[in-house]
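A.B. asks: In order, the protein sequences belong to chains A and B.
Position one of the first sequence corresponds to residue 1 (full-length UniProt numbering), numbered consecutively onward.
Position one of the second sequence corresponds to residue 1 (full-length UniProt numbering), numbered consecutively onward.
In case anyone wonders, no lab produced these hints; they're calculated from the structure.
Treat the hints loosely; a few may be bogus.
When chains are identical, the list treats them as one kind, so a pair holds in a single copy or across two.
Claimed, not checked - The list that follows gives simulated cross-link-like pairs (lysine-lysine, PhoX-like), each with its CA atoms no further than 25 Å apart: (1) K212 - K108; (2) K108 - K209; (3) K212 - K57; (4) K108 - K233; (5) K57 - K108; (6) K57 - K235; (7) K108 - K192; (8) K235 - K192; (9) K192 - K57; (10) K235 - K108; (11) K233 - K192; (12) K233 - K57; (13) K57 - K209; (14) K235 - K212; (15) K209 - K235.
There are 2 protein chains.
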Amino acid sequence: MPNPTAAMLVIGDEILSGRTRDANMYHLAGQLTEAGIDLVEVRFVSDDAPAIIAAVKSLSAAFDTVFTSGGIGPTHDDITADCIAAAFDDHIDVRDDARALLQAHYDKNGHEMNDARLRMARIPDSATLIDNPVSIAPGFTVRNVHVMAGVPSVFQAMVATVLPTLTGGAPLISETLRIDRGEGDIAGPLGKLADEFSDLSIGSYPFQKDGKYGANIVIRGQDPAIIASAMSKLKAAFPV
Amino acid sequence: MPNPTAAMLVIGDEILSGRTRDANMYHLAGQLTEAGIDLVEVRFVSDDAPAIIAAVKSLSAAFDTVFTSGGIGPTHDDITADCIAAAFDDHIDVRDDARALLQAHYDKNGHEMNDARLRMARIPDSATLIDNPVSIAPGFTVRNVHVMAGVPSVFQAMVATVLPTLTGGAPLISETLRIDRGEGDIAGPLGKLADEFSDLSIGSYPFQKDGKYGANIVIRGQDPAIIASAMSKLKAAFPV
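Next up, chain A with everything else stripped away, as it sits in the complex (with noise of 0.2 Å):
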């Protein structure tokens, strides 16, 4: 049975601008890989509603389970919330369980609610909250969407919390050998191997170092022996 699928939005000007570099897709991918889900698809929009809304809405007819990272704090630019609840046509407003959270965290450090912090307690009608140990105001789950913050220490907390719920498929093992060759010459039986072996997947990253070009060779697949098989067959025509 092939493993379920999940796609990844990433919503922020903040990465398309260069101005950072994203460190959720990296956690998430890993992570999704060890649960045996396969990531298809990730998509990086800016803070846009139309943008942010079709995208939600393409990715969550298209694949099992969406992942979105970005959008859900106090400020004027989060706008994820109430673009998940246009998606799909649900009612959001401030929601009693999770002001509740955010009014006894700031009770007990001594802030005070405000319209702003009361933002993040704006959540779609039909959600259910994502825990957030580590700042309190949570996420959410619509549907097959989970929208989570994107701070990296919160994105990682989030997923943590989420991933044990999802069925996942059996996890992706994979075997790579690095040979110090130029793809030109790796192809050829490269090729023919990964027609010999077409329930795995065989990719060859190429790299150049020194001056000197060379691949890594990477065979994924879910049965340990059948990669052992063909990493013995690869490592046979790349005698060292």
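Chain B: place on chain A using the hints.
C.D. replies: Chain B only, in chain A's frame:
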């Protein structure tokens, strides 16, 4: 006049599986911002022909310029060139100009031309070649889509070739103010500032360090005087 828009399409399983961390998006985002071209969307898709073709069609129609990264090498998993041809109903085969470039390179380096290397001369009929000073195998441009290698050194060289040929807008200038208060305290005044300076993009990027909350407020725009005016109002609202 609004700036020209761009999208990026990153092709390949290696990033989606969490094996490698992408470097090309961050590079391109910075280069485009300097050139006054707005990077509006980035998509990552796997080595899957229907996914690549659909993404190329959609992004090419929606944005002024599209940059792709990955999948133009000699191995069986390099299917980008054929997908670009399919997306634009173009014919593709080994082209004499690309073959001549490769042949001269291999003659000089004592490698022999083979079927795999010849694959890198497969270029759509309507394409113009993009120079590859690093490893010779060319990228190419079809309509508004620039097809480039995934290896970062080659990708960067190709971006350097293509960018001067594009019409840019006014470079985006940004200034950042770090405010060591929680976003919940910042959001109210910041929202008012964003309303007042509606030509500027004002973003808030929260962080948490050593248990303390803060946010970097980034003001982006094209007119330094207007940015300076907004920045001085921001500083006045949050005196250190």
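A.B. asks: All the hints need checking, so say for each whether the structure fits it.
C.D. replies: For each hint, the structure was consulted:
1. In this assembly of identical chains, K212 and K108 lie within 25 Å of each other by CA distance solely across copies; the values are 15 Å between and 60 Å within a copy.
2. Taking CA atoms no more than 25 Å apart as the test, K108 paired with K209 passes between copies only; the shortest distance there is 19 Å, against 55 Å inside one copy.
3. In this assembly of identical chains, K212 and K57 lie within 25 Å of each other by CA distance neither inside one copy nor across copies; the values are 46 Å within and 36 Å between.
4. Taking the shortest Cα distances, K108 and K233 never come within 25 Å of each other, neither inside one copy (62 Å) nor across copies (32 Å).
5. In this assembly of identical chains, the alpha carbons of K57 and K108 never lie at most 25 Å apart, being 39 Å within a copy and 53 Å across copies at closest.
6. Taking the shortest alpha-carbon separations for K57 and K235, neither the intra-copy value of 45 Å nor the inter-copy value of 39 Å comes in at or below 25 Å.
7. In this assembly of identical chains, the alpha carbons of K108 and K192 never lie at most 25 Å apart, being 64 Å within a copy and 28 Å across copies at closest.
8. In the homo-oligomer, the alpha carbons of K235 and K192 lie at most 25 Å apart inside one protomer (14 Å), although the nearest pairing across protomers, at 64 Å, exceeds that limit.
9. Proximity of K192 and K57 under a CA criterion of 25 Å is satisfied in neither setting, with 40 Å inside one chain copy and 31 Å between copies.
10. For the homomeric pair K235 and K108, neither the shortest alpha-carbon distance inside one copy (61 Å) nor that between copies (29 Å) is at most 25 Å.
11. Within a single copy, K233 and K192 get their C-alpha atoms as close as 11 Å, which meets the 25 Å cut-off; across copies the closest is 65 Å, which misses it.
12. In this homomeric assembly, K233 and K57 never come within 25 Å of each other (Cα to Cα): the closest approach is 44 Å inside a single copy and 39 Å across copies.
13. Taking CA atoms no more than 25 Å apart as the test, K57 paired with K209 passes in neither setting, with 43 Å inside one copy and 35 Å between copies.
14. In this assembly of identical chains, the alpha carbons of K235 and K212 lie at most 25 Å apart only when taken from the same copy (20 Å versus 52 Å across copies).
15. Proximity of K209 and K235 under a CA criterion of 25 Å is satisfied intra-copy only: 21 Å inside one chain copy versus 47 Å between copies.
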